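Residue numbers (the working numbering), protein chains in the order written: chain A, 107 to 282; chain B, -18 to 327.
Warning: the hint list may mix true and false statements.
To be verified - Derived coverage of chain B by chain A (criterion: at least 3 residues anywhere in the stretch with Cβ under 8 Å from a Cβ of chain A; other residues may be distant):
id : region
1  : 177 to 183
2  : 199 to 209
To be verified - Short derived list, chain B residues pointing at chain A, Cβ under 7 Å:
id : residue
3  : G132
4  : K163
5  : F167
6  : L168
7  : G171
8  : N214
9  : E288
Treat the hints as calculated values from the structure; they're not laboratory data.
Note that this is a predicted model, so its numbers are computed, not measured.
Glycine included, every Cβ here is placed at the ideal spot set by N, Cα and C.
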Amino acid sequence: MNRRTVRLRTTSADSTRDAAAALAELARPGDLLLLVGDLGSGKTAFCQGFGRGLGVDEQITSPTFALVQSYTGRLDLNHLDVYRLQQVGEAHDLGLSELLDDGGVTLIEWGDTITAVLPADFLEVHLQAAGDPEHRSIDLVAVGPTWSARVRSVRTALDPWLDEAAAGPEDGAGSC
Amino acid sequence: MNDHAATGAAVDDSTVVLGIETSCDETAVACVRGGREVLSSVVSSQVDLHARYGGVVPEIASRAHNELIIPVLARAMLEAGLDGEDVDAVAATTGPGLIGALLVGVSAAKALALAWDVPFVSVNHLEAHLYAGFLEDPDLQFPMVVLLVSGGHTLLVHVTDHGRYRLLGQTLDDAAGEAFDKVARFLGLGYPGGPAIDSVAMSGDPEAIRFPRSMIDDGLDLSFSGLKTAVVNHVRANPQVATEDVAASFQQAVVDVLVAKARRAAESTGAVALALGGGVAANSLLREQFLGACAEDGLHAFLPSRELCTDNAAMIASTGWYRLRRDGATPLDCGADPNERLAPSS
């Protein structure tokens, strides 16, 4: 665990939503988050909570079918799911660069599969089952300058969900 | 949206509408007279193309629509025995769907409307599914509740008249068909997941595993994400479990929820009919239990034929006829909207 990683533990889908909502308080225009995790690990729940934190009123549903769904909030939310894409080139068809430039926040489920066509500046959110079927271990990994500079505030904002057992001694240093 | 009501005057039982549907998997063109009489309905299924990818790939979808639209159109005209001058209006799905795919159909429809000098009519894909019943069931009456279940949508809609409807409930996370697709892929059963699970479930025990029936007693919204997760958790914890039993138990859980919600929606609105629509309406267990529930509750049941379950253009042409009669033509500067919502009742 390095200082660009913040490890969380949530105990239900609702607690995953709450943590994501708290993270969304730190969001800025143009932010990019990639969600990584198996089927049923809570990617859509995370996006629902994040949207709530952005002030999106509309129900956020799985974008698997439509690939891209956009919502209006304090900041606009672009919610993508590239589960169905198998070739990186196909991501160009989604109009990614336009979405990233439109002043909203973009969340991409299964986003780790298309990093080749993304700017190297994002927060990677790894979700995985953790023992109890309801529990999730969530690693937030800052890649690039935008999120690396915010690791300390991420840690503060998400204090209730921090996985203490995983916190290493260097984590408190937070220098970038 | 427009007030070209003048064109509405000429809409009657002899009016032929050509409909085009390209919102997702299917390139489809149909000719329908008077809103109900299907003269031709051609669907060029792209499912084989997509099966290799385990889902709809937008780039492939729009390229394939581009290649298929002219041949499918030509065949629909030929089968209907029509020339361009026999077509009175052209309708196309403008949303929701994949933007690149939608634009192929919308552009073709506008070009035809211009060339033939007839009205263009925009049609909402979800509204069109509500109209599928009128193409096959002359006894279908208002007020009715439609349960629309597909890969992208799970909706309960109260329909009180043509163009008058209200959304009663919808999925809060995954669509029912999406749950079928994802569970089938997880179980290694292939794509599309609905038919794969339907057939494997035939030899499984639907009571073998008690999967959760999320929100079954709670309002008219639905949720299938928790069920999907429960299937994944169960198989991981019990790797030796029979795939047939997982498929059958999963399918039973989905159908129990869908049927319970549809019954409650009909009861709470005082509907006289319940109609099924969308791709998941082809599921054999859902059809059986839906019919049984309607018989018990004294409701007129409508089950679409397999052709009308999946995306098709006959329902687009039919809806286009009703929309043209009510609202007139749609201006040609109307675009496609991938997130188009089901418009609230007027």
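Where does the structure disagree with the numbered hints, that is, which hint numbers, in rising order?
Checked against the structure, the hints that fail are numbers 1, 6, 7, 9, while the rest are satisfied.
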